[in-house]
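Undergrad: Going down the list, the protein sequences come from chains A and B.
Residue numbering for the first sequence follows the numbering used here, beginning at 1 and increasing consecutively.
Residue numbering for the second sequence follows the numbering used here, beginning at 53 and increasing consecutively.
These are calculated hints, taken from the structure and not from any lab test.
In this text, all values refer to a predicted model and were calculated from it rather than measured experimentally.
Careful, some of the hints might be misleading.
Quick partial rundown of chain B residues pointing at chain A, CB under 7 Å, derived from the structure [as the list claims (entries may be wrong)]:
(1) A59
(2) E62
(3) C71
(4) W80
(5) M148
Some chain B residues flagged as far from chain A (calculated, every beta-carbon gap over 10 Å) [what the hints assert, rightly or not]:
(6) F74
(7) Y77
(8) T82
(9) N98
(10) F118
(11) F134
(12) D193
(13) Q198
(14) L201
(15) R207
(16) R232
Even for Gly, the Cβ is constructed at its ideal location relative to N, Cα and C.
These are the residues of each chain, in order.
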Amino acid sequence: MYGWLWHRLPGTTPARTGTMILIMLAVAAALWFFVFPWASIHLPVDVSGFGG
Amino acid sequence: MRQVIRAAGEIVLTAGAICLLFIGYLVWGTGVREASAQRQFTSELNRQWRQAPSRGDAIDASPEQFHLTTGEPFAFITIPAFGPHWRFTLIQGTAMAQLDVSPGHVPGTQWPGQVGNFAVAGHRVTAGNPFWSLPSLRAGDLVYIQTKLDNYTYRVIGKKWVAPTDLAVLDPVPDHPGQRPTKRMITLITCDPAWTGTHRVIVTGILIAAVPR
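Next comes chain A alone, as it looks inside the complex (with noise of 0.2 Å):
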């Protein structure tokens, strides 16, 4: 998966290092500003109310 990504990343070392880098943070940040807290209100984590 990895080794397919670098392999198609235009450039030499390091610039694919830089790229690789940047399309691992905008996915951590896709995770950290979307998916977790739609995934946190979802998950039975901390259910602390009574009804709504």
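With chain A held as given, fit chain B onto it using these hints.
TA: Below, chain B alone, put in the same frame as chain A:
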């Protein structure tokens, strides 16, 4: 075969990294979001209260009126037993969207100072862990509620564990459905054990003082 094993390893490692990131989000990220919301609620309340009118004795005067929409802040809660810096705003509503930013008033229960049962729910963990120490409260501990017009002091009188379906703790007379209330109670609710939704810790208190701000 080797490629399959490598791909499987990468997927497992990626899933592990995502799980760790999610745990980091729950422990730290939700707290950051909650702290930001608390700052916003606090400045909103301070702005609204700056020109708050004063009045006579809060218990004898007509009850303070609350007309709130879901998610709107209306009070501060302070519990000295949780430490000198423990203070949160209270907002209307206890759906996850509200509990993720602040402890909330359970809709349908009474308001601070009113005869009946003023119920407040908060997260035990995540979102700043507001009610992390709720199970450690003891009879005699004090709970302060500060609203626009009044400062209310409740004294803890009891604590118990119930199932999430035991809604009788929210009745105007807790655990006595249909009974007419004569006392001014507070009920604080959070989950137990931490990180689960299997049970609720219920801390009950009674109003001992109400003075105008």
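Undergrad: Give a verdict on every hint.
TA: Now the hints, each set against the structure:
no.	hint	in the structure
1	A59	6 Å, holds
2	E62	5 Å, holds
3	C71	11 Å, violated
4	W80	10 Å, violated
5	M148	5 Å, holds
6	F74	6 Å, violated
7	Y77	4 Å, violated
8	T82	7 Å, violated
9	N98	27 Å, holds
10	F118	19 Å, holds
11	F134	16 Å, holds
12	D193	19 Å, holds
13	Q198	22 Å, holds
14	L201	27 Å, holds
15	R207	23 Å, holds
16	R232	22 Å, holds
The earlier numbered hints that this structure contradicts are 3, 4, 6, 7, 8.
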